[in-house]
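Trainee: This is what each chain is made of:
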Amino acid sequence: MLRLLSLWLMSLAILPAFAIHASEAGVVDWYKPLIGDALTGNPNLSPVFHRITEDNGKTRSLVLTATSSNVLSGLHPENGSIAWRYLFEDGNRVLAFKKHKNWVAAVSGVGGATVRVLDVSTGHLLHERHLHKPEAGRLLEPDSTGVALAFDSGSHVYALTNGHTVRKIEVSTGKIIWGWTAPDQTSLNVYSTVLPTSSAIYLIGLAKSFASYTLHITSLSPVDGSLLSSVDVPSSIEHGPASLFVLSKPVGESEHARILWLESNQIRSVKLMSGLNETPTAIKAATYRELVDLGLGDHGLLVAVKDDGSGQVIKLNDEGTGLKIIWEFADSADSTQHTASMYTGGLDKAGHPYIGRVFWSRYYKKASAHILAPHLAEGKGLVTGYTLPFETAVHGIIGNVAIDAVNLEEFRVLARVVITTTTGAIQLWQQDQLQWTREEGLADIRVAEFVELPERKLAETGLGEGHETFTGRVRRQISEARDFPHYALHFAKRFVTGSYDSVSSSAMPTTSDVASLSRDTFGFRKILVAATARGKVYGIDSANGEILWSRVFGLGWAAEVGGHVLPLKIYTTRTVMDEETPQVVIVTQRKANNGLLDTVLFHIDALTGEDSTGKSRSSDVLQGIDIIAGALVEAYLVRDEATKFVLLFDEFLQAHVYPDTAENTASFAKLIPSLHFALRTGQVGSLRLTGHRFGLQKEFTGKYIAHPTWTASLAEGEDIQAIIARPHEPVASLGKVLGNRTTMYKYLNPNVVAVVTSSLKAPTPSCAIYLMDVVKGSIIYHSVLPAVSGACDVKAAFTDNWLVYHYYDEDFGVDQAKSYRVVSVEFYEGTGIDDKISSSDLSSHSNASTSVHVLEQTYVFPRGISTMATTMTKFGITSKDLIVAGENGIIQSFPRRFFDPRRPKRKPTNEELEEWLIQYDPVIPDDPKRVLSHTYQVANVRAIITSPALLESTSLVFAHGLDLFSTRVTPSNTFDVLSENFNKAQLVLTISGLALAILITKPMVRNKRLRERWYN
Amino acid sequence: MQESIQSAHRWRHLPPPPGFSNTPVRHASAPSKASTAVSANYETLKDKRAWDFAISPAKSLPMQAFMLYMSGGGVQIFSMGIVFMLLLSPFKNLAGVNSAFAPFAPVPTGKKAAPNPGALTTLVLQKVVYLLCNLLTLALGLWKCHSMGLLPTGTGDWLAFETRSQPPEFVLL
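Quick note, the sequences are listed as chains A and B, same order.
If you count the first sequence from 1, position 405 lands on 405 in the UniProt record's numbering, and the numbers rise without skipping.
If you count the second sequence from 1, position 92 lands on 92 in the UniProt record's numbering, and the numbers rise without skipping.
Okay, chain A solo, but in the shape it has when bound (with noise of 0.2 angstroms):
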C-alpha cells in the first residue's frame, strides 16, 4: 500500500512535473536581446549606417557594428529592434568588418585567422574560411594592425592579414582565387591598408626605420595575385598606421587613388599608379595634427584636424593629381566652450557623401551636429546644423557617431544620427528627435541584486516615515476603515467570478497603477538594482524588464581627469522588512585616467534610485562616497541582529564601517572578539587563502586592523581562482530523514567556504575543490580534477550541505569516455546515521567540528555550461533546483533528486523508494521540457542569481551576460496555491446550493417535527 502511494507521488513529479507551456513564454518571464556596447573610434569597427537595396529596387537601412562583447549586429534603425547579431566566440575577436550590397564581411582571431562572409540583411553566416591557424597569428599592438578587408566592385573581397598575405576571395562562394604573400614578413614590414583597383591590388604598409615609419607600397595584379612592383616611398610617419590614409574615386572604368599621410604636421600625399613612380607632394596651407577616417575613402573625402583644432574636409580631386580642401568647419577651433569635434561620414540614397561633425557644447549643455553636405548648393557645400538635446547626466559621454542623411530637397537636408555613448547606450536622433536608446551596457553587468518592493498600502500611505502614536493610528484606521465597503463588495465579487491573482500570470499590475512600484500578491515583482562596467546603475522591474530608472556614478575629483568607475559588489543594506524604503550600497573601485584608484560607495534608494545621502541631485550624477583612498581588499555585509552594514578592507587591513553611525560602529565592535574572516592574500598566481581576525585595540588610525592567524597550507604554484560562500538562506531541516526514520544530520558549519584552485604550472597540471574552514582554516573536503588544455574551468554551486561542480574530463579508456562531468557532493555529521555533533552552532574550535562524512557521487553531465546557481525559496522547505547556463545558449533547472549521492545502483528498495530514490543512472536526463528558456537564445550567460519570492514554492531566477533572461521556478510546484484548474465556480455553487437547501429544508423540519409531537 505503501509501495504504492509512493510510486503515485513519485510518478508526479517525475512525469511533466512542471511543465513549462509555450503560453507562459514572456509572461513569467522576459528576454532581453543585447548585442554589446558598440566600439568606438575605430571605423572598421563603430555602429556605421548600410543601405540595402532590395529585389523590387527599394532600399532599407540597418546600422551595422561590431561591439567589445565581440557581436557583429544589424540594428533597424526604425525602432532599434537587432535585426541579428553574429556571436564570435571567445578567442576570436573580430578586428575589421566591412560591408559592401547585400554582404558584410569580417575578419576575426588573431592576425586575422577566420574570414566570415554573412549576409547582410539576415545575418546569416554565407561562408567562413580559416586562412591560418591562430597559433601562425601575428600579435601586433592594436590587434587589428596589420588586418583589412576591401571589396571590389564586382563580387570579390580582398582580405589582408597577418600583415603580410593577402587573399582575393569570391563572395558567392568563398573560393579562394589567389594569395600572395610578403616575401619580407619580418615585423618591420607591415601592411595595413588593401586597396583594390580595376588595374592592380595596392597593398599599403609602413617599413619600421630609425624613429619612424617608411611607407611601403606594392601593387599585385588582380588577376592572379603576381607582384607588379613594390617600392618604398620616401616618408617618414611618426604615429605609425593610424596617420595613413587611402582616398580613391571612381573615374570611368578605372579609379583614382592617393596615398595621405601625416609628417611633421604635413599632409603629404602620392598618386596610386601602377608604376608607384610619383613623387609625394604637400599641402602646404596649413600644419595638421590629426587626420580623420570618414569611412569615406571611397568617394575621396577626409577630414584633417589643424593645429588649433579646426577641421577641414579634404578631397581627392576629380583629376585625381591632388587635393583640395573643399571646406572648413566654421568654430570647430578647440575652444572653452565645446568639446573637441567628432567626424563621421553617411551616404544618402543616391550615394551621396556627407559629412557630420558633432560635438558637446558646454555653455548650452546640448549636443550640437552639423552635417555638410558638399555636393549641394552648386558643389559649393551645404552646412545644416541642429542641436540634440542630448542627456549627459544619464547617458555620460559621446563617445561615437554615424549619420545618415536624406536630401528631401534642394536646400533641406536630414539627418539622422547614431550616438554611442561611454556608458553603453546607442541612440539614434532623427534630426533633434530622439527615436530611441538601447541600453547595451546592460551587456556587462558586473553586480546584481533583487531588492523586494513594498506592498502597496506601504507605498501609498508613506508608512513608516517614524512610528506613528495610538491616536494617530486610531485615526487613521478609522480613515482607512471608510474603504470597508468597498473592500467587502470587492471581496465578495472575487469569491463569486474566482477572479483571484494567478501565479502562472504577469506579474506586472494591469490595473492603472502600473505607476505606483508595489509588490504584487506574490511577491514576484522585485527590483533588479544592476551596475555595470560602464559606471551606471539601472533598476529593472523584475516583472517585464523595463528600465525603471538609471543613473550614472559620478567620477567624483576624478572628473577633471577623467577615468572610470568597475562596481565590485552590491549589498542591500535596508529591505522592505525594515518597514523604510530599501536601499542598496555599490562598492566600486574608481580608477582615474591619471593612475590613482580609490575605492567608492554608492548608496542608493533601491526604489528610484535617488542618492540617499542625498549629497546628489536626481538630475545629476550621482556622488560617492570615497571611503579608501587606495584599492579594496575586501567587503562584506554583516548582518547582525539589529543593523546591517558593510565592512571593508584597505590595504592595510583596516576595517572601515558603513554607514558609519554610532549603532554600526558599536555593533562592530561588539563583535570584534568573535569576528574571523580569509582574504586571498599573496602574488596572483599563487594566491592563499589566509585567516584573519582583529586585534582587540583600535591602532592609532582609529581604526581596527585585521591580523593573520592562519594560511591555507596549498602545493606550490597552485592558485585560488574562487571562493564559493554559501548564499544568505534559511535552512528548513537540519537533517535528511531517512526510509527507516532514522536521521543524517546535515554538516551546517557557517564558517566553510568552497574554494576552487588550480595548479596549472605542475607537471600535470590540475584542479581542485576544497571545503574550508574560514576559522581554523581545516580542509573538510578535498577532491582534485583535471585541468582541460591547461586551463581549469570548474564551475561550482554550494548551498546548505549540497556542493555540486562541473567539470570536463577528457580522459577516456575502457571504461570511461570523454565528458562534462557533474559531482554533487552531500556533508553529513559525524561518521553515519543518528550521529549528532550539531554542527550549526558549533565552536569551529571544537574537535568536532570536523566530523563530517561525505556522499558523493559523480554523473555524467549533458553538456558545457557557462555558470550554475541553485534556487532560492524563502524558507528553505522547497526542494532545490540546480539552474544552469549552457554552452549553447539554453537556460535549464536540474531537479536536485537527479544528483542525489545516495542514488541505489541498484532497484531501490521500499524504504528507499520513500525517500523518493531513483536508480542510479551515470547520464542526468537532459529532459527538454526543463528548458527555462524556451527557444530563446540567452548567450554568453556569467551569472544566475536567485532570489525567493513571497510564495515559499516560488524562486526568481535572472541570468545575465550578453543578454538579459528572467523567470520564476517552482521546483516543488505551486503547492501553495490553489491550483489553476480548481472549479471555484463549482465550489461555490455547492455551498450556496446547501445553504438554500438548509434556508428550504429547515421550517419544513421544524413543522414535521412540531406535528409528530402532536399527533404522536
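In short, the hints are calculated from the structure, not lab data.
Treat the hints with care, as some may be off.
Stated by the list, open to error - Restraint ranges, calculated between C-beta atoms of paired labels, are given here: (1) A:1015 with B:69: 48 to 56 angstroms; (2) B:67 with A:921: 40 to 48 angstroms; (3) B:69 with A:508: 42 to 50 angstroms; (4) B:164 with A:435: 57 to 65 angstroms; (5) A:850 with B:92: 29 to 37 angstroms; (6) A:831 with B:70: 49 to 57 angstroms; (7) B:132 with A:850: 46 to 54 angstroms.
Unchecked claim - 25 angstroms max Cα-Cα, derived SDA-like pairs, lysine to any residue: (8) A:874 with B:170; (9) A:315 with A:100; (10) A:874 with B:165; (11) A:569 with B:149; (12) A:670 with B:173; (13) A:736 with B:149; (14) A:736 with B:145; (15) A:746 with B:165; (16) A:698 with B:145; (17) A:776 with B:149; (18) A:569 with B:173; (19) A:776 with B:168; (20) A:874 with B:173; (21) A:795 with B:173; (22) A:836 with B:93; (23) A:746 with B:145; (24) A:736 with B:153; (25) A:736 with B:165; (26) A:746 with B:69; (27) A:644 with B:165; (28) A:703 with B:149; (29) A:746 with B:168; (30) A:644 with B:168; (31) A:670 with B:168; (32) A:703 with B:153; (33) A:836 with B:165; (34) A:836 with B:170; (35) A:836 with B:149; (36) A:776 with B:170; (37) A:670 with B:170; (38) A:905 with B:168.
All values derive from a computational prediction rather than experimental measurement.
Even glycine gets a Cβ: it sits at the ideal position worked out from N, Cα and C.
Fit chain B to the known structure of chain A by using the hints.
Mentor: Just chain B now, with coordinates in the frame of chain A:
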C-alpha cells in the same frame, strides 16, 4: 445496581396488578438450606462469568488481528478506523472497569447484596487480568501504528523540533 434497588423500594407501596397476590410469601427467619445452596451456586457462576469477562478482550484479539491484516498497511480511512478502535477501546474499557465488574461482585454469605460492588477492591484479580488483556489489545494497536509508521520512534520524527542557536564565531562570508 444501587439505583435499581432503590427504585424497587420506591414502588413497593403501589397496588399489585390484578391477579397477583399482595401478600408476600413468608419464609422462616433463617435461610433455608436449599436457598443457601442456590446462592452458592449463583456465586460460583458469577465468579466464572467474571473470569470470562476479564479475558474477553484477549479472546477477540485473533479476530482483530485478522481485521488489521485485511485493512492493509496504508494510511486510509478503513485502517485508521480500526486502529483508532483498537487504541481507544482499552482505555474506554479500563475507564468503565468498576461498573463492568459490579454485577459479578460476590455477595458474602449472610448478606443480601454485595457490600460495595463498584469498588476497585472487588474482584481485584479479575480486574488485573482484564487490564492485562486490554493492554494486549492496545499493544496490538500500537504495533499496527508502528508498522504503518505512525509512531514517532525514529530521530527523524523529532527533527523538526530541534533548534540550533547562534554559533560562537561570527564569520564574514
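Trainee: Are the hints correct? Go through all of them and say.
Mentor: Now for the hints, and whether the structure bears them out:
1. A:1015 with B:69: 48 to 56 angstroms: Holds - the Cβ-Cβ distance for residue 1015 of chain A and residue 69 of chain B, about 52 angstroms, lies within 48 to 56 angstroms.
2. B:67 with A:921: 40 to 48 angstroms: At roughly 43 angstroms between Cβ atoms, residue 921 of chain A and residue 67 of chain B fall inside 40 to 48 angstroms, so the hint holds.
3. B:69 with A:508: 42 to 50 angstroms: Violated, since residue 69 of chain B and residue 508 of chain A (Cβ atoms, about 59 angstroms apart) do not stay within the stated range.
4. B:164 with A:435: 57 to 65 angstroms: For residue 164 of chain B and residue 435 of chain A the Cβ distance comes to about 59 angstroms; the hint holds.
5. A:850 with B:92: 29 to 37 angstroms: Given about 55 angstroms between the Cβ atoms, the range is violated.
6. A:831 with B:70: 49 to 57 angstroms: violated (43 angstroms)
7. B:132 with A:850: 46 to 54 angstroms: The hinted range 46 to 54 angstroms holds for residue 132 of chain B and residue 850 of chain A, with Cβ atoms some 52 angstroms apart.
8. A:874 with B:170: Answer holds: residue 874 of chain A to residue 170 of chain B is near 23 angstroms, not above 25 angstroms.
9. A:315 with A:100: Status holds; Cα separation ~22 angstroms.
10. A:874 with B:165: holds (20 angstroms)
11. A:569 with B:149: violated (50 angstroms)
12. A:670 with B:173: The given pair, whose Cα atoms are some 18 angstroms apart, holds under the 25 angstroms limit.
13. A:736 with B:149: holds (17 angstroms)
14. A:736 with B:145: holds (23 angstroms)
15. A:746 with B:165: Since the Cα atoms of residue 746 of chain A and residue 165 of chain B sit roughly 15 angstroms apart, the hinted pair holds (cutoff 25 angstroms).
16. A:698 with B:145: Answer violated: residue 698 of chain A to residue 145 of chain B is near 64 angstroms, above 25 angstroms.
17. A:776 with B:149: violated (43 angstroms)
18. A:569 with B:173: Distance ~13 angstroms between residue 569 of chain A and residue 173 of chain B Cα, so the pair holds.
19. A:776 with B:168: Holds, at roughly 13 angstroms.
20. A:874 with B:173: Distance of about 20 angstroms is within 25 angstroms: holds.
21. A:795 with B:173: holds (19 angstroms)
22. A:836 with B:93: Cα-Cα ~42 angstroms, so violated.
23. A:746 with B:145: violated (28 angstroms)
24. A:736 with B:153: holds (16 angstroms)
25. A:736 with B:165: Holds - the C-alpha atoms of residue 165 of chain B and residue 736 of chain A are around 19 angstroms apart, at most 25 angstroms.
26. A:746 with B:69: violated (38 angstroms)
27. A:644 with B:165: holds (20 angstroms)
28. A:703 with B:149: The hint is violated at about 59 angstroms.
29. A:746 with B:168: The hint holds at about 19 angstroms.
30. A:644 with B:168: Holds, because 19 angstroms separates the two Cα atoms, which is no more than 25 angstroms.
31. A:670 with B:168: Distance ~13 angstroms between residue 670 of chain A and residue 168 of chain B Cα, so the pair holds.
32. A:703 with B:153: violated (55 angstroms)
33. A:836 with B:165: holds (15 angstroms)
34. A:836 with B:170: holds (22 angstroms)
35. A:836 with B:149: Roughly 23 angstroms separates the two Cα atoms, so the pair holds.
36. A:776 with B:170: holds (13 angstroms)
37. A:670 with B:170: holds (11 angstroms)
38. A:905 with B:168: Since the Cα atoms of residue 905 of chain A and residue 168 of chain B sit roughly 41 angstroms apart, the hinted pair is violated (cutoff 25 angstroms).
Violation of the numbered hints given earlier is confined to hints 3, 5, 6, 11, 16, 17, 22, 23, 26, 28, 32 and 38; the remaining hints are satisfied by the structure.
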